[in-house]
Amino acid sequence: MSKLIFETGKPGRRCACLPASDVPEVAIPPQLMRTKPARLPETAEVDLVRHYTNLSRKAFGVDNGFYPLGSCTMKYNPKRNEEVAALKGFTGVHPLQGEETTQGCLKLMHTLAERICGITGMDAVTLQPAAGAHGEMTGLALIKAYLTDRGETERIKLIVPDSAHGTNPASAAMAGFTIVNIPSNPQGLVDVQALESVVGDDTAALMLTNPNTLGLFERDIEKIADIVHSAGGLLYYDGANMNAIMGISRPGDMGFDVMHLNLHKTFSTPHGGGGPGSGPVACKEFLRPFLPSPLVAEKDGIYSFENPEKSIGRVRSFYGNFLVNVRALAYIMTLGAKGLRESSENAVLNANYMMENLKDTYTVAFDTPCMHEFVITLEPLKKQNGVTAADIAKGLVDKGIHPPTMYFPLIVPEALMIEPTETESRETLDEAVEAFKEIYAAALENPGELHRAPVTTPVGRPDETTAVRNPVLRYEFPSED
Amino acid sequence: MNYVPGTAEEQREMLESIGKKRMDDLFECIPDSLRHKEDLPLPEGMCEPQVIEAFEDMANNNKVYKTCFRGAGAYRHFIPSVVSRLAGRAEFVTAYTPYQAEMSQGVLQAIFEYQTMICELTGMEASNAGVYDGAQAAAEALAMFRERKRTKSVVCGAVKPMTLQTIKTYCETAGAELAVVPEKNGRTDLDALEKALDDTVSAVYVEQPNYYGLTEEIEKIADLTRNAGAKLVTGCYPISLALLKSPGEYGADAAVGEAQPLGNPLSFGGPYLGFMAVKMKDVRRLPGRIVGQTVDNEGRTAYVLTLQAREQHIRREKAGSSICSNQALCALSATIYCAAMGKEGLREVALRSMEKAHYAAKEISRIKGYELIYDGFFFNEFVTACPVEPGALMKKLAENDILGGLPFERDGQTRILWCCTEVNTREEIDKLVELLKGGVPV
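Residue numbers (this note's numbering), protein chains in the order written: chain U, 1 to 481; chain L, 1001 to 1442.
Just chain U, same shape as in the assembly:
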C-alpha cells in the first residue's frame, strides 16, 4: 500500500512559492492566533506529482473500462465537454460580479434550462441543486411551499414505492414529510390497489422513478397520476433513469408535476469519484413561483436574474454547479434531438441485448423486456453453493470490469443491477457477457476461489466490520517528542 502524503517529504520541503511580500507586516492579536500549526505535507513537487499519479492508477473510471453500474448511467464522458468547461471565460468569473459582465454565463444557464424543459415536458427549471439528492430535497420543498401556500398543511404524507432509491425517503424526511411505503406488485411495478388504499386528504405527493429501479416502465403511470391528483396530491419524478426515455416519452406528459435530473448520469458529465454532479429541478408552471432564487430571465437578448415571487429561498450559495452545467449543455448541443433519442434507443437496446445473452446462465429478477437496465438475482446460486452477488461482483473486478450495483433494489434478494449504457460497443458487451459466464462456471466449480476474489487489485476485500467498530478516519501523526 502506498504511503500517505503525510508520510512522504521532509520538514522544509516546498512545492509552491509566493512572490516576496510588498506590503508591511501585520501583528495578529495573540489571542486570535492558533498555537499549533496545521500539519500539512512538506513535499517536493515531483514527489507530490508521483504520489497522486500513483493514486490515480488505483482508481477506475469509465475511461479505464466497462462500468455497468445500474442506476448510475456510467456512460462515456466526452472530452470536448471538459475542454469547454476549462475555458478561462467560465472558470475565472466571480459569481457576484454582476449581470452586465456575465451575459455569457447567464445565456448558458438560460439555454440549458430551456433545453431541459424541452426534454422533460416541464415549464420551468432551477439549476441550483448540486446533485440528485439535493434536487429531491429542493423539489419536495417546492411541494411543501405550494401546499402551505394553499393552506393544505394537513397533507403531510409522502408515498414512496419500496423499489425507490434510498434518497427518496431520506429527502422526504428532510422536508418534514411522513413517509408511506407501498409495495411493488409481482410484476415489479407499483401496486395500484395499494396506492389507492393509501391516498387521501393527507397525501402530499408520490415520488416515482420511471422506468423504475428494476428497469421496468410503469405502464400504469397515467392511472397512477390520476389517482394521486384526484386525491389532491402531486407527482414527483426521480429523473435518475431518464437515460431510457429521452425523446421517447416525457415526464411532463406522464402527469408529473416536478422532477429532478441527474446531469452526471443522463447528460454525460463525469462522476468525479463522487461528484460534483448537478441536479436541476424542473416543474410545471404552477410551481414556478416557488422555485429557488434566483432564476435567469431573458428579454430582447439581455439576460438577468429574477427572484420568483414565492420562492423557497436558496438551497446553496450562488447558482449551482455551473461548470457541470456547462458540460451538460455541450452534450445536449452536440447530440440534438436526434442524438438524444438515439442514445436512449441504444441504451435500451444494449441492456436488452445483455439481458438476453445472460438469462440462460443467470436468473433475471423480472423476465420481461427491460428498459435501460435490468436486475439479476444470485439467490438461487447462493442457496445452491453459497456464492453471493458480492462474490460475482468481485469476480468481475478481476476481469477488469466494474461490477454492477449490488444489493439494490432492496426488494430483490442478492441483486445485481446492470446498466450497460449506449456508449458501449457490441464487442464490449459480448466480452462482458463472456466474463459473467466464466465467473458463473467458476462459481459452480470452485466457489471457494470466488470468495477470495479479487486478487488482481492493490488490496483484497477490506474488513469493513473493523472499520466500523474501530473507526480510523484520519492519519495519526507520530508523537512529536
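There could be a bad hint or two in this list.
What the hints assert, rightly or not - Here are the simulated lysine-lysine pairs, DSS-like style, with alpha carbons at most 30 Å apart:
(1) U/K36 to L/K1020
(2) U/K79 to L/K1063
(3) U/K36 to L/K1021
(4) U/K284 to L/K1037
(5) U/K359 to L/K1020
(6) U/K88 to L/K1220
(7) L/K1066 to U/K107
(8) L/K1437 to U/K36
(9) L/K1020 to U/K107
(10) L/K1362 to L/K1160
(11) U/K284 to U/K359
(12) U/K157 to U/K310
(13) U/K157 to L/K1318
(14) U/K338 to L/K1021
(15) U/K157 to L/K1168
(16) L/K1431 to L/K1279
(17) L/K1362 to L/K1220
(18) L/K1168 to L/K1066
(19) L/K1437 to L/K1395
Derived from the structure by calculation, the hints contain no laboratory data.
Given chain U, put chain L in place with the hints provided.
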C-alpha cells in the same frame, strides 16, 4: 453525433437477436398515448468545432478581470499548476463513488488524506468527505444537532447572507425553528445571543471571520453556547485557519465552511465544496460519505467507505440527510492544493492575504468618504463607506480591468465589502486607491 459505437448494421443484428425489428419495438411497454411522436423541441446536433465555437462565444461574453478586490464568499487565490494536472487525470474524473473499494483505493486514500487535512486545519477529530458547499454544510450541521427537545437553531446575524438564506430554506422545509441574533457594530451582539439561548436551542451558527471579514469574540460565544447546553457550529474561511485559532482550540462542536479557496477556481459559483468536521463522539451524526482505514483479507492497509449505517441507502427515511455525493473532485483539488502549498505555504497565503487587505484598508480609508465602518481586527475583508454612486464607481474600476469590492446597503447607507488575497499586488492596490481618489463623473 451520439457517442454510440454501434453501426446501423450492428443495431439491426442486435435487435434481431432479441426478437425485435425496429428500435420502436423496444418501447412497446410505454403506452402509445405517452410516446413522444415528433422530435424534441431542440436545435439539431453539432460537430465538435461548432460546439467549441459556441462555447467560446459564450465564454468571451463574460468579463474576466485582471484584478479582483471582491470576495464575499468566493475567493480568487493562486492555484498551483499541479492541482488541475493531477485532479484532471481521467481515472479520477471518470470514476464513480468508491463503492468497490478494491478498485478504488486511489480515490479512497485521497479522501482519507483530505479528511486528515480538514481535521488538521480545523482542530477537529473527524471530517466527512465533503458536501455541496459552505452554505449547505452550515444548514446540514444545524440539522445534525437538532434533537427531540432541542429543535431551535440560532444563527448570528453577521454571517454570509447566502448561507443564512440556505439555512432558512432548510429549516423552513423541515419545519424547524430558527432565530437570528442581530449584529452590533459588525459583530454578533453577545447580549442578544445570551437572551436567545434558551433550553430549546440545539445549536448556534457563527462565522469566524464573519461576512464583514471581522473576527468575532469567538471564545465568549463558545462559552455562552456551552453554558446554554447548545452546540457551537463555526463557519470558517479555510485559508484563515492556517493562522487563526482553530475551532478545535476554542471548543466548537462542528467546524464547517466553503473550501473553494483551497484550489478551486471561481467558476461563477460552482462547483464548490463544503467541509464538515466534528468531535469523534458526534461522528455518527455526521451526514455524507466518510472514509475509514482498515485492513484487507491479508492484513494490508486498505481504505473503505465506512459508518454507512448513517446513510440513506441503508437507513432510508431514518437517515439524517439524503446527501450521497461529496463533490469528490473538488475535495481532491483541495487536497492537492493543501499538499502543494504545504505547511509553510498555506500559512504564507493566509498571512499575505491578511497583510494585503490591511494595507488596502489603511490606504483606502485615508480617502475622504471611504472610512472603515467597523473597528477591531479583520482578516482579509473589510467594509468601508462609499461617498459616490456605487454603480458609477464600479464602472470606472471595470474600465481599468478591476473588479471592485461588493457594494451593499446597510441602514440606508452604501457600503463596500473589499477583499484582498495573496494575488493582489501593492501596485494594484495603489492603482485602486488612485482611482478612488479621482472620484467618478457626476
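Verification of the hints:
{"no.": "1", "hint": "U/K36 to L/K1020", "in the structure": "69 Å, violated"}
{"no.": "2", "hint": "U/K79 to L/K1063", "in the structure": "25 Å, holds"}
{"no.": "3", "hint": "U/K36 to L/K1021", "in the structure": "71 Å, violated"}
{"no.": "4", "hint": "U/K284 to L/K1037", "in the structure": "21 Å, holds"}
{"no.": "5", "hint": "U/K359 to L/K1020", "in the structure": "17 Å, holds"}
{"no.": "6", "hint": "U/K88 to L/K1220", "in the structure": "44 Å, violated"}
{"no.": "7", "hint": "L/K1066 to U/K107", "in the structure": "23 Å, holds"}
{"no.": "8", "hint": "L/K1437 to U/K36", "in the structure": "42 Å, violated"}
{"no.": "9", "hint": "L/K1020 to U/K107", "in the structure": "43 Å, violated"}
{"no.": "10", "hint": "L/K1362 to L/K1160", "in the structure": "24 Å, holds"}
{"no.": "11", "hint": "U/K284 to U/K359", "in the structure": "41 Å, violated"}
{"no.": "12", "hint": "U/K157 to U/K310", "in the structure": "23 Å, holds"}
{"no.": "13", "hint": "U/K157 to L/K1318", "in the structure": "15 Å, holds"}
{"no.": "14", "hint": "U/K338 to L/K1021", "in the structure": "20 Å, holds"}
{"no.": "15", "hint": "U/K157 to L/K1168", "in the structure": "22 Å, holds"}
{"no.": "16", "hint": "L/K1431 to L/K1279", "in the structure": "46 Å, violated"}
{"no.": "17", "hint": "L/K1362 to L/K1220", "in the structure": "28 Å, holds"}
{"no.": "18", "hint": "L/K1168 to L/K1066", "in the structure": "36 Å, violated"}
{"no.": "19", "hint": "L/K1437 to L/K1395", "in the structure": "15 Å, holds"}
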